[in-house]
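Participant: Now for the letters of each chain:
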Amino acid sequence: MALVGPSGCGKTTMLNIAAGLDRAFDGEVERAAGTLGYVFQDPRLLPWRTVRENVALALPRRERRSPRVDETLAAVEMAGMGERYPLQLSLGMARRVALARAFVVDPDLLLMDEAFVSLDEPTAQRLRALLASLLEKRPTAVLFVTHNLREALALADRLLVLSPGPGRVVAEVPVRIPRAGRGPEVVESLRADLLARPEPAFRVLA
Amino acid sequence: MRRAVLPLLSFALLLALWQAAAVQAASRVLPGPDAVFTVLLREAASGALVHHLGITLLRVAAAFVVAMAVGGALGLLLGRSKAADRLFGPWLVLFLNIPALVVIVLAYVWFGLTEAAAIGAVAVNKIPNVVVLVREGARAADARYSEMAQVYRFSPFDRLRHVLLPQLTPYFAAAARSGLALIWKIVLVVEMLGRSDGVGFQINLLFQMFDVAGILAYTIAFVAVVQVLEYAVLQPAEARLLRWRDVRAEA
Chain V
72 MALVGPSGCG KTTMLNIAAG LDRAFDGEVE RAAGTLGYVF QDPRLLPWRT
122 VRENVALALP RRERRSPRVD ETLAAVEMAG MGERYPLQLS LGMARRVALA
172 RAFVVDPDLL LMDEAFVSLD EPTAQRLRAL LASLLEKRPT AVLFVTHNLR
222 EALALADRLL VLSPGPGRVV AEVPVRIPRA GRGPEVVESL RADLLARPEP
272 AFRVLA
Chain C
286 MRRAVLPLLS FALLLALWQA AAVQAASRVL PGPDAVFTVL LREAASGALV
336 HHLGITLLRV AAAFVVAMAV GGALGLLLGR SKAADRLFGP WLVLFLNIPA
386 LVVIVLAYVW FGLTEAAAIG AVAVNKIPNV VVLVREGARA ADARYSEMAQ
436 VYRFSPFDRL RHVLLPQLTP YFAAAARSGL ALIWKIVLVV EMLGRSDGVG
486 FQINLLFQMF DVAGILAYTI AFVAVVQVLE YAVLQPAEAR LLRWRDVRAE
536 A
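The listed protein sequences correspond, in order, to chains V and C.
If you count by the working numbering, then the first sequence holds residues 72 to 277, one letter each, in order.
If you count by the working numbering, then the second sequence holds residues 286 to 536, one letter each, in order.
To be clear, the hints were calculated from the coordinates, so they are not data collected in a lab.
Glycine included, C-beta positions come from ideal geometry on N, C-alpha and C.
Among the clues, some could well be false.
[Stated by the list, open to error] Incomplete in silico selection of chain C near chain V, CB under 8 Å:
1) Trp303
2) Val436
3) Pro451
[As the list claims (entries may be wrong)] Restraint-style ranges between C-beta atoms, simulated for each label pair:
4) V:Arg135 - C:Ala428: 22 to 28 Å
5) C:Leu362 - V:Pro193: 48 to 54 Å
6) V:Gly98 - C:Gly374: 36 to 42 Å
7) C:Ala522 - V:Arg94: 39 to 45 Å
With these hints in hand, go ahead and build the complete structure from the sequences.
Facilitator: Given below as structure tokens:
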């Protein structure tokens, strides 16, 4: 599920509330208990620990030596980089490690905050494809924040459109085409459709 | 090889000036390097030098460990808990300003002329400095890592070991460096006032006998040992703990 909206509308705050990090709000949160994975906008890898340790630390102590860690690193194409330190990685690589960390815990809910922003387009494309394939192998509930409408349309099953700050969900748009069939032209036409919708809610997407 | 030349030249210059001054003074009060060196060799041969140096170093080590442990724990507490900081902050200011001599004298009066009182007094002198530095580090800890640790359900032990303590390393290192420098000077005073062995005790004895050459010999020996400790132990330890910062980014 993608959360789209302009900057400052509260998308990150929503994720933080869902994660239990932000408790200063009025209202209620209904959250089923379960494991959480969170890919923050900045990778938030511990710079004083190796790549492998960073991923392993997300697991409980007795599971940290399991092959699962190396398998997940391989799945994000970071096999063999386990002994590097985060300061040696490019942003794209760091994001991949953060993704691995989120997936290694086998989350019931995966939160992603602008996870592919400020990457060059080819890298971002690769990471989006990576995410799609990971979800294919292990379907997970995902709450994905982005201001990039094309990205949301390429990946999401449902879009939630938020109004400018303070944000409210003003529209919910299902995307029924299977992800594999959403080539660039399809995404463009979906986007055009959305922008052409007359309801005021969709004006924020322009 | 070239890098060693300048410091060596500098030392040689110092020795030359010293020798010249001693010859000029021609007095018992200012012995030249040759006289001091003779005393140094004599004390080393008799085993006295090693004995006193060893005892003093042990006291330095003990006080160092106590000060870093207690100071570190307190600094962490005051840095993470605003309530504790508000309550005990003023005490910290008070202790920071009490002269070392007063602490030592009071320790001997209240707890007797014991080893524990001696080492405790030295530690108490150093602890406030450590607390201030570590508290600063704890306050500066990056909340973003703590958030990540919360989401991924890190245990309190993991949080301490993997998130908090590594961020405190530079502050601990600063406390250690300034700590060693401060502690060994106070240990000498403590030995002079209330112990019967150690470099401080020796220096006091030599002072009573007006043996300036002896005083200088022990001083030089002790300073040299502390410098070696700094370079051979503290600096490499710090470098190892911070090696993750020096790796170059690779494409």
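Participant: Check the structure against each numbered hint from earlier and tell me which ones fail, lowest number first.
Facilitator: 1
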